[in-house]
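*Asks:* Residues per chain, in single letters:
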Amino acid sequence: MFGPFRLTNPLSGGLLWKIPWRLSRHQKYRHRERLRRVDGIVATLDTALARQGESMKRVERWKLEMPTEGEMLPKDKYTVFDRKVKRYRKGIHKLPKWTRVSQRLNPPGF
Amino acid sequence: MPYFRITLMRSAIGLPSKTHGVLAALGLKKRMATVYHPVSSSVAGQIMRIKELVDVKEVEHAMTKDEMRAARRPDPGYYVEKRDAKVRREREGVEGLAV
Numbered sequence: 001m002f003g004p005f006r007l008t009n010p011l012s013g014g015l016l017w018k019i020p021w022r023l024s025r026h027q028k029y030r031h032r033e034r035l036r037r038v039d040g041i042v043a044t045l046d047t048a049l050a051r052q053g054e055s056m057k058r059v060e061r062w063k064l065e066m067p068t069e070g071e072m073l074p075k076d077k078y079t080v081f082d083r084k085v086k087r088y089r090k091g092i093h094k095l096p097k098w099t100r101v102s103q104r105l106n107p108p109g110f
Numbered sequence: 001m002p003y004f005r006i007t008l009m010r011s012a013i014g015l016p017s018k019t020h021g022v023l024a025a026l027g028l029k030k031r032m033a034t035v036y037h038p039v040s041s042s043v044a045g046q047i048m049r050i051k052e053l054v055d056v057k058e059v060e061h062a063m064t065k066d067e068m069r070a071a072r073r074p075d076p077g078y079y080v081e082k083r084d085a086k087v088r089r090e091r092e093g094v095e096g097l098a099v
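Same order as they appear, the protein sequences are chains A and B. With the working numbering, the residue at position 55 of the first sequence is 55, and numbering never jumps. With the working numbering, the residue at position 35 of the second sequence is 35, and numbering never jumps.
If you're looking for bench data, these hints aren't it; they were derived computationally from the structure. Just so it is clear, the structure is predicted and the values come from calculations on it, not from any experiment. Idealized CB from N, CA, C, for every residue including glycine. Treat each hint with caution, since some may be false.
[What the hints assert, rightly or not] Taking lysine-lysine pairs in the DSSO-like style, the calculated list, with each CA pair at most 27 Å apart, reads:
#, chain 1, residue 1, chain 2, residue 2
1, B, K29, B, K57
2, A, K97, B, K18
3, B, K30, A, K75
4, A, K75, A, K90
5, B, K82, B, K51
6, A, K28, A, K18
7, A, K94, B, K51
8, B, K82, A, K57
9, A, K97, B, K29
[Stated by the list, open to error] Which bits of chain A does chain B cover? Going by a derived footprint, with three or more residues having C-beta under 8 Å, they are:
#, stretch
10, 26 to 33
11, 47 to 55
12, 75 to 85
13, 99 to 108
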């Protein structure tokens, strides 16, 4: 009944490993935390370099192009463009390695 | 001279080999490893490559491995009187002032 060898559909063989179609609110919360952490790191790099009197193209470009967590629309935060999906959007948790990659921008109009 | 204190929070397992290369170049071999690198645009560029995996703070001084270890060690709660005569004198001085 319980334990690692319980008889559930994913464990009794075959390819049944389902990913829910939407994120839970706790997943969303942790995702926002991760986005904010990356924002913080970029800000740290920017202030540290500015104090040295240096600047960096990659950081400048990130600041110019990438929205921060607060600026992002919920649609872009939690879903991602996919041309194969009906209505062109799927949950961001379907993206491979989604907790360790930055995926903030989507094609305009989608 | 300011330094970046870089700690690897997330492993790069399953990520592209370039990401592994950047971690190796920074000297980050396993999770929760901490390294110090001087603030420069080349190091900043490396951090930008792995910003989802690390924790970065700007600090004034770099710490050696031994110093980091000593900072983690908890207070033993005692001192040997013979060995730490100075500590004892200080403590007594403080208590004397308090009384």
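*Asks:* Run every hint past the structure and note whether it holds.
*Replies:* A quick look at each hint next to the structure:
This hinted pair checks out: K29(B) and K57(B) have alpha carbons roughly 19 Å apart, not beyond 27 Å. Restraint check for K97(A) and K18(B): the C-alpha separation of about 15 Å stays at or below 27 Å, so the hint holds. Pair hint K30(B) plus K75(A) does not hold up; C-alpha atoms about 35 Å apart against a cutoff of 27 Å. For the suggested pair K75(A) and K90(A), the alpha carbons sit about 10 Å apart, so the restraint of at most 27 Å is met.
Taking the CA atoms of K82(B) and K51(B), the gap is near 50 Å; set against the 27 Å cutoff, the hint is violated. Taken as a hint, the K28(A) and K18(A) pair is honoured in the structure, with Cα atoms around 18 Å apart against an allowance of 27 Å. Only pairs whose Cα atoms come within 27 Å are accepted, and K94(A) paired with K51(B) is accepted, the gap being roughly 21 Å. At most 27 Å may separate the alpha-carbon atoms for a hinted pair to count; K82(B) and K57(A) exceed this at roughly 59 Å.
For the proposed pair K97(A) and K29(B), the alpha carbon gap of about 20 Å is at most 27 Å, so the pair holds. Under a criterion of three residues with beta carbons nearer than 8 Å to beta carbons of chain B, the stated coverage of the stretch 26 to 33 of chain A fails, only 0 such residues being counted. Note: the stretch 47 to 55 of chain A has 7 residues with beta-carbon separation from chain B under 8 Å; the three-residue rule is met and the coverage holds. Coverage of a stretch by a chain is defined here by at least three residues with a beta carbon nearer than 8 Å to that chain's beta carbons; for the stretch 75 to 85 of chain A and chain B the count is 0, and the condition is violated.
With a threshold of 8 Å between beta carbons, the proposed coverage of the stretch 99 to 108 of chain A by chain B holds, since 4 of its residues qualify and at least three are required.
Checked against the numbered hints given earlier, the structure breaks hints 3, 5, 8, 10 and 12 and satisfies all the rest.
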